[in-house]
Amino acid sequence: MTLAKLLASFALVFLSVLASAQKKIQINGFGHIESHFEHLNSENITNAYFAIGEQDLFINAIINKRLSFLGETVVKFDSGTKSNFAPSIERARLKYEYRNNHSIIFGKMHSPINYWNDVYHHGRLFFPTIDRPQMFSYFLPIHTLGLRAQGQNLGKLNFGYDVQLGNGIESSDVFDSGVNYSFLAAMHIKPEYGTRIGASYYYDHLSTNSYGVHAHSHVAHNVDYKGPVDFHMLALSIARFEKKVEILSESALNITRTDTLGYANSFSTYLYLGYNFKEKHTPYIMGDFIHIGEKDLHSEHTSSMKFSLGYKYELDPLANIKFQVEQYLGSPWEHHHDSSSKTEIKIQFSYGI
Amino acid sequence: MVSNCIRYLSLVVMLCLSTAGVSQEDWNSITVIGNSTGEKSISKKALIEVFRGQRNYWKSDESVLLVLPSDKHKGAKIASYTLYKMSISEMQKFWLALVFQGRANPPVFNMSNEDILQLVSETPGAIGILINFQGVVPNELLINIE
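As they're listed, the protein sequences go chains U and S. FYI, in the numbering used here the residues of the first sequence are 1 to 353. FYI, in the numbering used here the residues of the second sequence are 1 to 146.
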């Protein structure tokens, strides 16, 4: 076979694969850019700056009739690198649909612990407000690497369930010491289009109260305590996104138990109300409260309240701009000044391609 | 003062009711086609559920592939309002969000009735919507709306 024939055959195969791939693979990119103006009341300091947010590559591929792949890789801020940015695999999972609306999922995924974490992931384009609820920065286990059984849209109420076993809060994406799987059971109903009500329970045993890649943002992690912690979390979500009115309520109760101080309760609640007075215009208000209990040894004791007034304008289905005024109220906290009293004005431009 | 308040409230209520009543559904313009779905007829409610990604498999065990008019299709607005009660851009965002959640596979958007007909006729499990279609649809593909 001559070289020209070989190249022609290769090109033909490549083009047919490409044509087939166009029907089976969806690739999207998501990202956001922000502008901040903040005043730290307790220190009387004002900062104004621009910030590049997460840049997200999303792939959905149908491998065959029952098997599909979903991948999400994000380049995001990381103070440990020279450029202050590093890539991170946020989702990489295979889904096998063994029966109508019942699946087994294997890989790294977002824990379906509440509505926000199950629906929005890293796509700022879909966020109703600029930031995630505060609980994401304190005690919410965002990711899991493991195995999940999932069912959805079952019966008249569109019942859905997720039962998950995976690497816990202390693990990495390649290793976990001992036999310490985390466990999650979640359920939801969607009684009518646009409404979803859900609840979940999460359990993990932390041997040394450390954290790995699946935990929260660690801003309140108690670095001084190295003993074992039993970590329980109950979450409740109510979401209603209809033509005019948008409501999202997220609540979580985190119960930790240590041999030293026994049980400690921490909780957080987030409420968003938006009103689409025109198709592309959504003014909104948001309140967000978090309390970490005094006896909690997993996280440091704190209380913080945040109120926001915002406006979202949709330039396109793939681009929107949000303007938000925020007021943080809470006791000044020596390890993390972001939670102290401050006023902030933010503009976020988020996009998808 | 009180009567002014009542008048104002009445006006607001009337405005809300008139807005809520707006509907641009047009079932008469829609022809449903499917390939090896095992369905010869389908109710409007069931059809809407299928096109909102609530069903993954047909009774025939073929996986569901949705074929919808793209925004370049002349009838895209009819499809989006009738099946989703949304504008075209809202429908596109609905699908982008659902696929991003990992809870559904993406539909295929085609620019013309002819492209939709061809893809459905070539793909077992596919279901598509033709808008104001004047051509001939093979009987084995036709699904009646109940």
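For the record, the hints were derived by calculation from the structure and aren't laboratory data. A portion of the hints provided could be inaccurate.
Unchecked claim - Here are a few chain S residues that sit away from chain U, every Cβ distance over 12 Å (derived from the structure):
id : residue
1  : I42
2  : K74
3  : Q101
4  : M111
5  : N144
What the hints assert, rightly or not - Quick list of in silico lysine to aspartate or glutamate cross-link-like pairs, DMTMM-like style, CA-CA up to 20 Å:
id : chain 1 : residue 1 : chain 2 : residue 2
6  : S       : K72       : U       : D316
7  : U       : K244      : U       : E300
8  : U       : K65       : S       : D61
9  : U       : K244      : S       : D71
10 : S       : K93       : U       : E97
11 : S       : K45       : U       : E246
12 : S       : K40       : U       : E246
13 : U       : K280      : S       : E90
14 : S       : K74       : S       : E49
15 : U       : K156      : S       : E49
16 : S       : K93       : U       : E314
17 : S       : K72       : U       : E192
18 : U       : K190      : S       : E39
19 : U       : K278      : U       : E300
20 : S       : K59       : U       : E192
21 : U       : K243      : S       : D61
22 : S       : K59       : U       : E43
23 : U       : K65       : S       : E90
24 : U       : K24       : S       : D115
25 : S       : K45       : U       : E314
26 : S       : K77       : U       : E97
27 : U       : K244      : S       : D61
28 : U       : K65       : S       : D71
29 : S       : K77       : U       : E314
30 : S       : K93       : U       : E246
31 : S       : K74       : S       : E146
32 : U       : K24       : S       : E25
33 : U       : K280      : S       : E140
34 : U       : K243      : S       : E90
35 : S       : K85       : U       : E97
36 : S       : K85       : U       : D316
37 : S       : K44       : U       : E279
38 : S       : K40       : U       : D316
39 : S       : K77       : S       : D26
40 : U       : K24       : S       : D26
Quick caveat: nothing in here was measured; it's all calculated off a predicted structure. Backbone N, C-alpha and C fix where the C-beta goes; we use that ideal spot for every residue, glycine too.
So, going through the hints one by one against the coordinates:
Non-interface call for I42 of chain S relative to chain U: holds, since the shortest CB-CB distance, roughly 16 Å, exceeds 12 Å. No beta-carbon of chain U is positioned within 12 Å of the beta-carbon of K74 of chain S; the least distance is around 19 Å. Residue placement check: Q101 of chain S does not keep its beta carbon more than 12 Å from all beta carbons of chain U (closest about 5 Å). Chain U leaves M111 of chain S outside its interface by the beta-carbon criterion, the shortest separation being 14 Å against a cut-off of 12 Å.
Non-interface status of N144 of chain S relative to chain U is upheld: no Cβ of that chain comes within 12 Å, the nearest being about 23 Å off. Using a Cα cut-off of 20 Å, the hinted pair K72 of chain S and D316 of chain U holds, with the two alpha carbons roughly 16 Å apart. Using a Cα cut-off of 20 Å, the hinted pair K244 of chain U and E300 of chain U is violated, with the two alpha carbons roughly 40 Å apart. With a C-alpha separation of about 10 Å, the suggested pair K65 of chain U and D61 of chain S falls inside the 20 Å cut-off, and the hint holds.
The suggested pairing of K244 of chain U with D71 of chain S is violated, with an alpha-carbon distance near 23 Å, which exceeds 20 Å. For a cut-off of 20 Å, the pair hint linking K93 of chain S to E97 of chain U is broken: about 25 Å separates their Cα positions. Proposed proximity of K45 of chain S and E246 of chain U is contradicted: the alpha carbons are some 24 Å apart, above 20 Å. For the hint pairing K40 of chain S with E246 of chain U, the CA-to-CA distance comes to about 38 Å; that exceeds 20 Å, so the pair is violated.
With a CA separation close to 10 Å, the supplied pair K280 of chain U and E90 of chain S stays within the 20 Å bound. Only pairs whose Cα atoms come within 20 Å are accepted, and K74 of chain S paired with E49 of chain S is rejected, the gap being roughly 24 Å. The hinted pair formed by K156 of chain U and E49 of chain S meets the criterion: a straight-line CA distance of about 11 Å does not exceed 20 Å. A hinted pair counts as satisfied when its Cα atoms are at most 20 Å apart, and K93 of chain S with E314 of chain U qualifies at roughly 11 Å.
Proposed proximity of K72 of chain S and E192 of chain U is contradicted: the alpha carbons are some 30 Å apart, above 20 Å. With a CA separation close to 25 Å, the supplied pair K190 of chain U and E39 of chain S exceeds the 20 Å bound. Simply put, K278 of chain U and E300 of chain U have alpha-carbon atoms about 43 Å apart, too far for the 20 Å limit, and the pair is violated. The hinted pair formed by K59 of chain S and E192 of chain U fails the criterion: a straight-line CA distance of about 24 Å is larger than 20 Å.
A distance of roughly 35 Å separates the Cα atoms of K243 of chain U and D61 of chain S; the hinted pair therefore is violated under the 20 Å criterion. Note on K59 of chain S and E43 of chain U: the hinted pairing is violated, with a Cα-Cα distance of about 66 Å set against a maximum of 20 Å. Distance restraint check for K65 of chain U and E90 of chain S: the Cα-Cα separation of roughly 28 Å exceeds the 20 Å cut-off, and the hinted pair is therefore not satisfied. Straight-line distance between C-alpha atoms of K24 of chain U and D115 of chain S comes to about 17 Å, which keeps the hinted pair within the 20 Å bound.
Using a Cα cut-off of 20 Å, the hinted pair K45 of chain S and E314 of chain U is violated, with the two alpha carbons roughly 30 Å apart. At roughly 32 Å between alpha-carbon atoms, K77 of chain S and E97 of chain U are farther apart than 20 Å, so this suggested pair is violated. Restraint check for K244 of chain U and D61 of chain S: not satisfied, since their Cα atoms lie roughly 38 Å apart, outside the 20 Å limit. With a C-alpha separation of about 27 Å, the suggested pairing of K65 of chain U with D71 of chain S is violated against the 20 Å cut-off.
Restraint check for K77 of chain S and E314 of chain U: the C-alpha separation of about 19 Å stays at or below 20 Å, so the hint holds. Straight-line distance between C-alpha atoms of K93 of chain S and E246 of chain U comes to about 16 Å, which keeps the hinted pair within the 20 Å bound. Annotation: proposed proximity of K74 of chain S to E146 of chain S is violated, straight-line Cα distance about 25 Å (limit 20 Å). Simply put, K24 of chain U and E25 of chain S have alpha-carbon atoms about 31 Å apart, too far for the 20 Å limit, and the pair is violated.
Under the criterion of a C-alpha separation no larger than 20 Å, the hint pairing K280 of chain U with E140 of chain S is inconsistent with the structure, at around 42 Å. Pair hint K243 of chain U plus E90 of chain S holds up; C-alpha atoms about 10 Å apart against a cutoff of 20 Å. With a CA separation close to 29 Å, the supplied pair K85 of chain S and E97 of chain U exceeds the 20 Å bound. With a C-alpha separation of about 18 Å, the suggested pair K85 of chain S and D316 of chain U falls inside the 20 Å cut-off, and the hint holds.
Using a Cα cut-off of 20 Å, the hinted pair K44 of chain S and E279 of chain U is violated, with the two alpha carbons roughly 25 Å apart. For the hint pairing K40 of chain S with D316 of chain U, the CA-to-CA distance comes to about 38 Å; that exceeds 20 Å, so the pair is violated. For the hint linking K77 of chain S to D26 of chain S, the alpha-carbon distance of about 10 Å falls within 20 Å, and the restraint holds. Restraint check: the Cα-Cα separation between K24 of chain U and D26 of chain S comes to about 31 Å, which exceeds 20 Å; the hinted pair is violated.
In terms of the numbered hints stated before, the structure departs from hints 3, 7, 9, 10, 11, 12, 14, 17, 18, 19, 20, 21, 22, 23, 25, 26, 27, 28, 31, 32, 33, 35, 37, 38, 40, listed from lowest to highest.
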